[in-house]
Amino acid sequence: MNNNREIFAQIYDDYIDKIYRFIFFKVGSEEIAQDLCSETFLRGWQSFNKKQKIDNPQAFLYQIARNLVIDHYREKGRTQIVSADYVSITDPGQDLEKQALINSDINEIRLALTDLKDNYQEIVVWHYVDDLSIPEIAKMLKKSEPAVRVMLHRALKSLKNKVENG
Amino acid sequence: MAKFTEKQLVSKLQELRQIKPSNDWVVFTKEQILGKEESSRSVFRFTLDLFLKGEGFVFRHKPAFAFALAIVILIGVFGFAQNSVPGDSLFTLKKITEKGTTVFVSEKNQAKHNLETANKRLDDLTKIAQENEVKNLAPAINEYKESVSKAAESLATMESVKEIVEEIKKLEEKEEKIKSLGIEIGESEEMHSALAKIVEIEIKDLEKRTLFEEQEEILAEVKQDYEAGNYSQALEKILLLINNNN
Chain A
1 MNNNREIFAQ IYDDYIDKIY RFIFFKVGSE EIAQDLCSET FLRGWQSFNK
51 KQKIDNPQAF LYQIARNLVI DHYREKGRTQ IVSADYVSIT DPGQDLEKQA
101 LINSDINEIR LALTDLKDNY QEIVVWHYVD DLSIPEIAKM LKKSEPAVRV
151 MLHRALKSLK NKVENG
Chain B
1001 MAKFTEKQLV SKLQELRQIK PSNDWVVFTK EQILGKEESS RSVFRFTLDL
1051 FLKGEGFVFR HKPAFAFALA IVILIGVFGF AQNSVPGDSL FTLKKITEKG
1101 TTVFVSEKNQ AKHNLETANK RLDDLTKIAQ ENEVKNLAPA INEYKESVSK
1151 AAESLATMES VKEIVEEIKK LEEKEEKIKS LGIEIGESEE MHSALAKIVE
1201 IEIKDLEKRT LFEEQEEILA EVKQDYEAGN YSQALEKILL LINNNN
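Sequences listed follow chains A and B, in order. Under our numbering, the first residue of the first sequence carries the number 1, and numbering increases by one thereafter. Under our numbering, the first residue of the second sequence carries the number 1001, and numbering increases by one thereafter.
FYI, nobody ran anything at the bench for these hints, they're computed from the structure. Where a beta carbon is used, it is the ideal one built from N, C-alpha and C, also for glycine. Heads up, some of the hints might be wrong.
To give an idea of the chain A side of the interface with chain B (calculated C-beta under 7 Å), a few residues [claimed, not checked]:
1. Ile11
2. Tyr12
3. Ile16
4. Arg21
5. Trp45
6. Tyr73
7. Glu75
8. Ile106
9. Leu132
10. Lys160
11. Glu164
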């Protein structure tokens, strides 16, 4: 049990930033991203504890996160629609350096990313932000590697259009 | 916005790695997640360690003390189980405790006891919904339906309309609260038909009595509620009539 906890603690440390970011791009709210991210790891831990072994923790956590985001949007009655335009990258109270990011190019790219189709957004975040390789993404999406490459190319093109045309 | 080459765009995308959750939140959440599971299993593990591994001198040297300790642990486990909800491993123990108390309930109070149990299941369901424990939802809904069926079966033996109304009202309020949390628990046909039967009997009884004009009006409303299937409202008015008539 203690061993399980140590292993999962390591998984948590390795993936918390990635999973949080992945959810944040989809929901555009720091608070909701925190809620869904903690739920993702809680479920991951419960499952890990039961099965004792998870072949690909990264894919497993992303899958839980995706499902939770879908559930979140399904619960329309409880969903607070937050416009991505009003969401800052970090808590504006944190420091000036971070606050400066809000009006930067990066923020505009983030907004364009939020506006992308779900599958395009995921693939761009996975590959370019979180450094997942094409084979890793192909495995997660259950697609062939060439298909993922094509999809990634289209996604980047679509993002470029959105960034340039607003 | 300025034109970007693909390379520049990729480089800007990589800068998005700056988006991270706050350190405080990361540490707090980690403690919450890895500590949460621990608390519910700790009592079991402690018991198992003592019994299976035979650790501690008490089992080897003082059997009487060991027996007393085992009883204390058992009581502790049962006590701990009272906080469990359907779907938890300790919930079976909670049910056993509840069934144990049923033995001491008289037949005429059985229906009230069953309605109280249904109310407890709704409390469990509310707790699950509020804590978003999705895996416990289906077992909790099933437990609730089972308890309502049982309560419906015993309703006919209930002597006091007042007690029925009180418990049914509580059930309805809690059902509403759960629905507002986005959970659909469905209608209980058994409960509806049991309540319909009670209202029908009470209407027949009231029709035999001599009523004032105002009371006749209330009885007419009761009949309307009965026709519309609003049995708990009908029962409330019946209660009013009975109280006025006595």
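Going down the list of hints, with the structure as the test:
| no. | hint | verdict |
| --- | --- | --- |
| 1 | Ile11 | violated (11 Å) |
| 2 | Tyr12 | holds (6 Å) |
| 3 | Ile16 | holds (6 Å) |
| 4 | Arg21 | holds (5 Å) |
| 5 | Trp45 | holds (5 Å) |
| 6 | Tyr73 | violated (13 Å) |
| 7 | Glu75 | holds (6 Å) |
| 8 | Ile106 | holds (5 Å) |
| 9 | Leu132 | violated (13 Å) |
| 10 | Lys160 | holds (6 Å) |
| 11 | Glu164 | holds (6 Å) |
Comparing the model with each earlier hint shows violations of hints 1, 6 and 9; every other hint is respected.
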